[in-house]
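A.B. asks: What follows is each chain in one-letter form.
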Amino acid sequence: MKYKLFMLAIGVLLCALPLLAQEVEEAPPDSMVVGSVPAIPTPAPVTQLSGEDGKNDHGHAVMLSWELSADDRPGDTTSTVLSYEVFRWVPSMADTVEAVRLAYEEADAIMRSDDAPEGARDKRNDLRTRYFDLLEQYPEFYASYPENGNWKNIGASPSGSTTYEDQGSKERLASDYLPDFCDFRYRVDAVTAVATIRSSSEIFGPVQSSGQYFNTGRVPILIGVLVFGLLTLLFVQQARGGKDLYVRPLAGIEAVDDAIGRATEMGRPILYVLGLGSASDVATIASFTILGRVAKRVAEYQTELIVPTYDPIVMSVGQEVVRSAYLDAGRPDDYKEDTVYFVTQSQFAYVAAVNGTMLRELPATNVYMGKFFAESLLLAETGAVAGSIQIAGTDEIAQIPFFIVACDYTLIGEELYAASAYLGREPILLGSLKAQDWAKAAIIVFGTIGLLAANFNWTFFTELFRVTN
Amino acid sequence: MDFGLYLWTTLGAFLTLAIFSFLYKDNPFYKIAEHLVVGVSAGYFAVILWHNGLSPNLFQRLNDGNWYFLWMDSTAPWYLIPAILGIMMYTRFSKKWAWVSRWPMALYIGIATGVAIPLEMGARVNRQLFAIMERSIDWANFFGVGGFNLLDTASGLSQLIVFVGAMAALIYFFFSKEHTGLFGATAKFGIWILMIGFGASFGYTVMARISLFINRIQYIDNNWLQNGLNTGITPIEGYHAGYAVIFWLVVLIVVGYIIREIMTYLKTKEKSA
Numbered sequence: 001m002k003y004k005l006f007m008l009a010i011g012v013l014l015c016a017l018p019l020l021a022q023e024v025e026e027a028p029p030d031s032m033v034v035g036s037v038p039a040i041p042t043p044a045p046v047t048q049l050s051g052e053d054g055k056n057d058h059g060h061a062v063m064l065s066w067e068l069s070a071d072d073r074p075g076d077t078t079s080t081v082l083s084y085e086v087f088r089w090v091p092s093m094a095d096t097v098e099a100v101r102l103a104y105e106e107a108d109a110i111m112r113s114d115d116a117p118e119g120a121r122d123k124r125n126d127l128r129t130r131y132f133d134l135l136e137q138y139p140e141f142y143a144s145y146p147e148n149g150n151w152k153n154i155g156a157s158p159s160g161s162t163t164y165e166d167q168g169s170k171e172r173l174a175s176d177y178l179p180d181f182c183d184f185r186y187r188v189d190a191v192t193a194v195a196t197i198r199s200s201s202e203i204f205g206p207v208q209s210s211g212q213y214f215n216t217g218r219v220p221i222l223i224g225v226l227v228f229g230l231l232t233l234l235f236v237q238q239a240r241g242g243k244d245l246y247v248r249p250l251a252g253i254e255a256v257d258d259a260i261g262r263a264t265e266m267g268r269p270i271l272y273v274l275g276l277g278s279a280s281d282v283a284t285i286a287s288f289t290i291l292g293r294v295a296k297r298v299a300e301y302q303t304e305l306i307v308p309t310y311d312p313i314v315m316s317v318g319q320e321v322v323r324s325a326y327l328d329a330g331r332p333d334d335y336k337e338d339t340v341y342f343v344t345q346s347q348f349a350y351v352a353a354v355n356g357t358m359l360r361e362l363p364a365t366n367v368y369m370g371k372f373f374a375e376s377l378l379l380a381e382t383g384a385v386a387g388s389i390q391i392a393g394t395d396e397i398a399q400i401p402f403f404i405v406a407c408d409y410t411l412i413g414e415e416l417y418a419a420s421a422y423l424g425r426e427p428i429l430l431g432s433l434k435a436q437d438w439a440k441a442a443i444i445v446f447g448t449i450g451l452l453a454a455n456f457n458w459t460f461f462t463e464l465f466r467v468t469n
Numbered sequence: 470m471d472f473g474l475y476l477w478t479t480l481g482a483f484l485t486l487a488i489f490s491f492l493y494k495d496n497p498f499y500k501i502a503e504h505l506v507v508g509v510s511a512g513y514f515a516v517i518l519w520h521n522g523l524s525p526n527l528f529q530r531l532n533d534g535n536w537y538f539l540w541m542d543s544t545a546p547w548y549l550i551p552a553i554l555g556i557m558m559y560t561r562f563s564k565k566w567a568w569v570s571r572w573p574m575a576l577y578i579g580i581a582t583g584v585a586i587p588l589e590m591g592a593r594v595n596r597q598l599f600a601i602m603e604r605s606i607d608w609a610n611f612f613g614v615g616g617f618n619l620l621d622t623a624s625g626l627s628q629l630i631v632f633v634g635a636m637a638a639l640i641y642f643f644f645s646k647e648h649t650g651l652f653g654a655t656a657k658f659g660i661w662i663l664m665i666g667f668g669a670s671f672g673y674t675v676m677a678r679i680s681l682f683i684n685r686i687q688y689i690d691n692n693w694l695q696n697g698l699n700t701g702i703t704p705i706e707g708y709h710a711g712y713a714v715i716f717w718l719v720v721l722i723v724v725g726y727i728i729r730e731i732m733t734y735l736k737t738k739e740k741s742a
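First to last, the protein sequences are chains A and B. Our numbering applies: residue 1 is where the first sequence begins, and numbers increase by one. Our numbering applies: residue 470 is where the second sequence begins, and numbers increase by one.
Just so you know, not all the hints are guaranteed correct.
[Unchecked claim] Simulated crosslink set (DSSO-like; lysine-lysine; CA at most 30 Å straight-line): (1) A:Lys-123 x A:Lys-170; (2) A:Lys-336 x B:Lys-564; (3) B:Lys-494 x B:Lys-740; (4) B:Lys-494 x B:Lys-738; (5) B:Lys-657 x B:Lys-565; (6) B:Lys-646 x A:Lys-440; (7) B:Lys-565 x A:Lys-336; (8) B:Lys-657 x A:Lys-440.
To be clear, the hints were calculated from the coordinates, so they are not data collected in a lab.
Could you put the whole structure together from the sequences, leaning on the hints where they help?
C.D. replies: Structure below.
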């Protein structure tokens, strides 16, 4: 009897199992039980999803923003939203376009290989033409929404974030190329710890990306450059008109002539180091002017000049400067091409070479003008050991202390730029120096007013100087 | 450590010591190291220039696989322009045509200046000015956040010192006005502020250099002496503490010599002043 009852109970249980299973399946879809983890409810979707073309850029970017899901409360441990996944509607043709691009890449690789078959180049070119033709049709493909396409996950933002930038490449042959002037549509999903439990926002679109020719975020810079340019023109005109513009004496520059005289008397060369900057660095450009002055004096006194350079372009410009200086001094035949020479573009190898030159040639004067980095002390220290008079100038703030310690005269920061004006006494340089002083006065005035504005919350004033992007 | 690696390590240690020998005076060992590093770096940078510069930025953009028609089917044929400008630089080898090289140089400097001016104006003027205006003086915590602390950089007093110091330093860099009277006194205050900053920067950087020196010493001690002696490559098995003692004695002598030289130099300076 017991056996029969037992078999009956098992039979009932087996019959009831499908029902139980059905009940589990019919459980509310907005919750799930994983082991002993409590059920996670479906999160509230993000709201107010919007997007706009990325501002002040070269295009190929859309900036999305939204309001946080109600279940994403920063700082609240009971928040269920872990991240936001961003989707863009992509036409089915995008797969074809990508397939053509990959075929082009493959054909390009075959064509470039050593055993490229005949006609490989034509095949590559045909694929490229086809690919570019397809790209031209992207606006039509995107306009076909919602037909013939699907949603593509393009990225994610952590919880608490309310923005996402859909930025693609501007290179047409890149895999992440994002075309401009297409009607993009977006959706943002609030995602929980269980990836399947999520909620989608309303669809936003269409929105197009495009590039801007004028960066409005840099208007303050434009105004600053224009005002400074006008001031420079004004003072240059004054200087050309014969007005005597005062420049306060700079000890370091006044010492240059004495140092050249010393070298002449001692019969030793002058070493001029242009630094490690490129020819486009402001400090290097200022240094060229000073080099011109030094070279002219050297030519007049018939002293030897040594200019080891770190950058090939700097060497070329330096050679031109020294050649012109010898010409101005009326001694073009004394100019030697080897006066300005290239050493190497490795920082410490350059230092080793210049240090060796210092101890072998024992120059009477070392002039360091331009952009310097970690090598400043190594050079100046060796020069001091060699017993040379040393004059340095750089706008690299971190290196100025070393020059101050080891050199006889140091031009601090902007003094380097002023030195070229002081030496040349040319109207253009003097005018720009005067304009710089006015610009500094303006900075002091605006800075003081700005500090007051910050204390009195006059944000309209401070915003005038904000530079974005 | 195998024998090959040990040889390279030994070479590294030799070159390190050869460079340090410059502290005594210029000598053949230093000359060897100097010429080696200059030559190697020149070759190294020639290869770097090709692989990181010319090849990806010019040839790969122009190349369609056929060197005879380099640019014919390129998607960026305008890269021929910088290529031609670059070739123009080689006219410097001819005295007759050297003037041609001035064109690319002028273009380069012109473009670079045009790019640099708005960048400098933005980074060194506008952004700095905006940084001054961005935060008001913290009057509530004038002498320190949460208590009296003059070293607190977030205090209102620190903010005020930074502002006044910056303005005074700016006044020092006025070149078209004589530094006399109140203006001169402010400029003097400005240069004091600058010097305090330079002093801090000097100390900070010197510490970094000391760490570089320690790194080289560790290389010689750990990588060369200890590892080399432990391999049995050298005649004496095992690392003997005596070697380290000798080595560190040599280091002490070198450091002592440097200090003596500096002191002598400073004394000479004082006498000449």
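A.B. asks: Among the hints numbered above, which are violated by the structure, and what are their numbers in rising order?
C.D. replies: 5
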